[in-house]
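In the order they appear, the protein sequences are chains A and B. This note's numbering numbers the first residue of the first sequence as 1 and each following residue consecutively. This note's numbering numbers the first residue of the second sequence as 155 and each following residue consecutively.
None of these hints come from the bench; they were simulated from the model. If you're wondering where the values come from, they're calculated on a predicted model, not measured in any experiment. We put the CB at the ideal spot given by N, CA and C, even for glycine. Be a bit skeptical, because a hint or two may be false.
[Claimed, not checked] Derived contacts from chain A toward chain B, CB cut-off under 10 Å, selection only:
hint	residue
1	TYR19
2	HIS21
3	ALA23
4	VAL51
[Stated by the list, open to error] Lysine to aspartate or glutamate pairs mimicking EDC-like chemistry, simulated, CA-CA at most 16 Å apart:
hint	chain 1	residue 1	chain 2	residue 2
5	B	LYS173	A	GLU151
6	B	LYS173	A	GLU148
7	A	LYS144	B	ASP167
8	B	LYS173	B	GLU159
9	A	LYS144	A	GLU27
10	B	LYS173	A	ASP61
[Stated by the list, open to error] Here are some of the chain B residues that sit facing chain A, going by a computed Cβ distance under 7 Å:
hint	residue
11	THR170
12	PRO171
13	ASN179
14	SER183
15	VAL208
16	TRP209
17	LEU214
18	THR223
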Amino acid sequence: MNEIAERFAPQGVGSVFLYTHEAHPGEYYPHLTSLAQKFDHARALRDVLGVARPILLDALDGACHRAYGSMPNMSWIFNRGGVPIYKSDWSDAASIANALEYQLDVLERRRGKERLAPFHVERLDYRTSDRQGFADGLARSGPKAVREFAEAGL
Amino acid sequence: MDTSEITTAYNYDSFTPEKVLPWLNFAHSPALGQPAPDFPLWRLDGAPTSLSEVWSQHRLTVVEFGSFT
Chain A
1 MNEIAERFAP QGVGSVFLYT HEAHPGEYYP HLTSLAQKFD HARALRDVLG
51 VARPILLDAL DGACHRAYGS MPNMSWIFNR GGVPIYKSDW SDAASIANAL
101 EYQLDVLERR RGKERLAPFH VERLDYRTSD RQGFADGLAR SGPKAVREFA
151 EAGL
Chain B
155 MDTSEITTAY NYDSFTPEKV LPWLNFAHSP ALGQPAPDFP LWRLDGAPTS
205 LSEVWSQHRL TVVEFGSFT
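Work out the full structure: start from the sequences and follow the hints.
Next comes the structure, spelled out in structure tokens:
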């Protein structure tokens, strides 16, 4: 996702990471009980996991995250007027890059005075299922997160 | 639920289906093509901002939601 942000920035595309809540709380990164703790975890996201995009924090009650569907790692693309033109219940760099290329082309066609009418499309995209990466993420949170995910059966 | 109860439930202390699944509501999230709701946010340095301030600064803005865990 960092690479996508860098690649599209020259074309006027901004990219941010919006910090929500701990999806898999563990001993090392427990559930959030204060905004100060949320700032600490967000800094770890930057420093430990290397998220280079600007990181923004939602309110402690997750007002923004909840309003947008509360998925643990979803992505949205907004135009300058605050209209969402892409939403995905999971974040995948290839899917987002594909959407950005299409939408940037739409903007160019509009600049060329082409008359355009919007329509809705549903599409099933595919991401790499990185089981080892996911397991590593749970382990970073702590043994409790590993155990609870195994027991949840989800 | 009042705000305090929502905050506690949203920041669940353990990953169980009973605590996690009720929050997942992507099917009823804001529609594409319609103005989306705005919310106050904070930058990592503590400065207040908002979703609308973010999306108004670029031709397009990608917002990835997530956390350390």
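A quick look at each hint next to the structure:
1. A least Cβ separation of about 6 Å between TYR19 (chain A) and chain B falls short of the 10 Å threshold, and the interface hint therefore holds.
2. The closest approach between the C-beta of HIS21 (chain A) and any C-beta of chain B is roughly 5 Å, which is under the 10 Å cut-off, so the hint is satisfied.
3. A least Cβ separation of about 5 Å between ALA23 (chain A) and chain B falls short of the 10 Å threshold, and the interface hint therefore holds.
4. With a cut of 10 Å, the hint placing VAL51 (chain A) at the interface with chain B holds, because the nearest CB-to-CB distance is about 9 Å.
5. Between LYS173 (chain B) and GLU151 (chain A) the CA atoms are separated by roughly 13 Å; this keeps the pair inside 16 Å, and the hint holds.
6. Proximity of LYS173 (chain B) to GLU148 (chain A) is assessed by CA-CA distance (about 12 Å); at most 16 Å being required, the pair is judged to hold.
7. A hinted pair counts as satisfied when its Cα atoms are at most 16 Å apart, and LYS144 (chain A) with ASP167 (chain B) qualifies at roughly 10 Å.
8. At most 16 Å may separate the alpha-carbon atoms for a hinted pair to count; LYS173 (chain B) and GLU159 (chain B) meet this at roughly 13 Å.
9. Between the alpha carbons of LYS144 (chain A) and GLU27 (chain A) the distance comes to roughly 6 Å, so the proposed pair stays at or under 16 Å and holds.
10. Of the supplied pair hints, the one linking LYS173 (chain B) and ASP61 (chain A) holds, its CA atoms being roughly 15 Å apart against a limit of 16 Å.
11. About 6 Å separates the beta-carbon of THR170 (chain B) from the nearest beta-carbon of chain A, less than 7 Å, and the hint is met.
12. For PRO171 (chain B), the interface hint holds, since its Cβ comes within 7 Å of a Cβ in chain A; the closest pair sits about 6 Å apart.
13. Nearest Cβ of chain A to the Cβ of ASN179 (chain B): about 5 Å, under the 7 Å cut. The hint holds.
14. With a cut of 7 Å, the hint placing SER183 (chain B) at the interface with chain A holds, because the nearest CB-to-CB distance is about 4 Å.
15. Here the hint on VAL208 (chain B) is kept, as its CB sits about 6 Å from the closest CB of chain A, short of 7 Å.
16. Contact between TRP209 (chain B) and chain A, as hinted, is supported at the beta carbon level, the nearest pair being about 4 Å apart and thus within 7 Å.
17. Contact between LEU214 (chain B) and chain A, as hinted, is supported at the beta carbon level, the nearest pair being about 5 Å apart and thus within 7 Å.
18. Checking THR223 (chain B) against chain A: minimum C-beta separation of about 4 Å stays under 7 Å; hint holds.
Hint compliance for this structure: no hint is broken.
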